[in-house]
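Spelled out, the chains give:
2 protein chains.
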Amino acid sequence: MKRIVVLFVAITAVAGFLAIAPPASGHSDEESAPISEITIPIGYRDWRLISVAHEEGKLNDFRAILGNDTAIRAYRDDKLPFPDGTIIARLAWSYVPSEENDKAFGHQQSFVAGPPTNVQFMVKDSRKYTATGGWGFAQFTGGKPRNEAASKSCFSCHESAKDQDFVFTHYAP
Amino acid sequence: MKRIVVLFVAITAVAGFLAIAPPASGHSDEESAPISEITIPIGYRDWRLISVAHEEGKLNDFRAILGNDTAIRAYRDDKLPFPDGTIIARLAWSYVPSEENDKAFGHQQSFVAGPPTNVQFMVKDSRKYTATGGWGFAQFTGGKPRNEAASKSCFSCHESAKDQDFVFTHYAP
Numbered sequence: 001m002k003r004i005v006v007l008f009v010a011i012t013a014v015a016g017f018l019a020i021a022p023p024a025s026g027h028s029d030e031e032s033a034p035i036s037e038i039t040i041p042i043g044y045r046d047w048r049l050i051s052v053a054h055e056e057g058k059l060n061d062f063r064a065i066l067g068n069d070t071a072i073r074a075y076r077d078d079k080l081p082f083p084d085g086t087i088i089a090r091l092a093w094s095y096v097p098s099e100e101n102d103k104a105f106g107h108q109q110s111f112v113a114g115p116p117t118n119v120q121f122m123v124k125d126s127r128k129y130t131a132t133g134g135w136g137f138a139q140f141t142g143g144k145p146r147n148e149a150a151s152k153s154c155f156s157c158h159e160s161a162k163d164q165d166f167v168f169t170h171y172a173p
Numbered sequence: 001m002k003r004i005v006v007l008f009v010a011i012t013a014v015a016g017f018l019a020i021a022p023p024a025s026g027h028s029d030e031e032s033a034p035i036s037e038i039t040i041p042i043g044y045r046d047w048r049l050i051s052v053a054h055e056e057g058k059l060n061d062f063r064a065i066l067g068n069d070t071a072i073r074a075y076r077d078d079k080l081p082f083p084d085g086t087i088i089a090r091l092a093w094s095y096v097p098s099e100e101n102d103k104a105f106g107h108q109q110s111f112v113a114g115p116p117t118n119v120q121f122m123v124k125d126s127r128k129y130t131a132t133g134g135w136g137f138a139q140f141t142g143g144k145p146r147n148e149a150a151s152k153s154c155f156s157c158h159e160s161a162k163d164q165d166f167v168f169t170h171y172a173p
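Respectively, the protein sequence lines represent chains E and Z. For the first sequence, this note's numbering begins at 1 and goes up steadily by one. For the second sequence, this note's numbering begins at 1 and goes up steadily by one.
These are calculated hints, taken from the structure and not from any lab test. Glycine is no exception: its CB is placed at the ideal position from the N, C-alpha and C atoms. Errors might be hidden in some of the hints.
As the list claims (entries may be wrong) - To list a few chain Z residues with every Cβ distance to chain E over 12 angstroms, as calculated: (1) Glu37; (2) Thr39; (3) Ile42; (4) Arg45; (5) Asn60; (6) Leu80; (7) Pro81; (8) Asp84; (9) Pro97; (10) Asp125; (11) Lys128; (12) Thr130; (13) Gly133; (14) Lys144.
Stated by the list, open to error - Simulated DEER-style distance windows between Cβ atoms: (15) Glu159(E) / Gly85(Z): 44 to 54 angstroms; (16) Pro83(Z) / Lys162(E): 25 to 35 angstroms; (17) Ser126(Z) / Arg76(E): 32 to 42 angstroms; (18) Lys162(Z) / Gln108(E): 16 to 26 angstroms; (19) Ser160(Z) / Lys162(E): 42 to 52 angstroms; (20) Lys128(E) / Ser156(Z): 52 to 62 angstroms; (21) Asp163(E) / Gly85(Z): 35 to 45 angstroms; (22) Glu56(Z) / Gly142(E): 25 to 35 angstroms; (23) Lys128(E) / Glu37(Z): 47 to 57 angstroms; (24) Ser94(E) / Pro83(Z): 37 to 47 angstroms; (25) Arg127(Z) / Glu37(E): 16 to 26 angstroms; (26) Ser126(Z) / Asp84(E): 43 to 53 angstroms; (27) Gly57(Z) / Arg127(E): 42 to 52 angstroms; (28) Glu159(E) / Asp163(Z): 18 to 28 angstroms.
Chain E on its own, in the form it takes in the complex (with noise of 0.2 angstroms):
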């Protein structure tokens, strides 16, 4: 929990999905009106992990999932719902191959993080955000956040996920 400390003001736009998000055609990193005061969160990149996961087709990204401490201890309690002041963060990076492994391998096997695509968290608090199950969305890219209109969809994707408090990720042991 230190060191590369990221520190941002005058985050304006709301949105994003946790381990899933629309395709890459409907992102953009225009601002627009601010519909939340959701940061970026500082240190979250020494957050502790929660799981990794791979999106196929357009957005074609690794990403890991981490938390803060009260994620971490919410996920390893099997408490639901998570508590206020839960983060969840969905780093992603480009799925790309790694000639240098697939060497050592001897063939093509090998996929590794690329560059940083985008970032996003999730935010409890089930006073403010009672409109979307008690959690407010946020996406990053360049430290830019995504505009509203992309938004919009976040919570209606996470609706799905109900039964677990609307997030995707599963502990990884």
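Add chain Z to chain E, keeping to what the hints say.
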């Protein structure tokens, strides 16, 4: 660096690739003569994330590479060779499709971490492991160390990453 403390005694075999491994058919968890005293580091599951990977083929797994504080510091400072005390952990899980994610997307595209397969460690001690580039290698499946015969290939494979101090994984920002 707290919680989920994994304690081990009587570790006998040494082995393992980091972010790379021979075909699953070559795996075995039978114990053999001790060739290292590497044990599973306490609290490694709480270590910070270095990167993620996926191996196709017989391995067909998802990987998360975590590092202890010394490892993370070296990565972020671009410090090579890694200093003594560095430990890099490679966790692996089965690579499985996620029906619930696919349902939210409306089509098949999502893969997540299934049951854990094994965990591997690279331990830097330039005096103890002079014959293998300063690294000790170890793999554990269900807490049991890998047998010696299957371990021989570790360093010979990692030798191809000599320019990166025998470590395949790059840091994912």
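Which hint numbers does the structure go against, in order from smallest to largest?
4, 5, 9, 16, 24, 25 and 28
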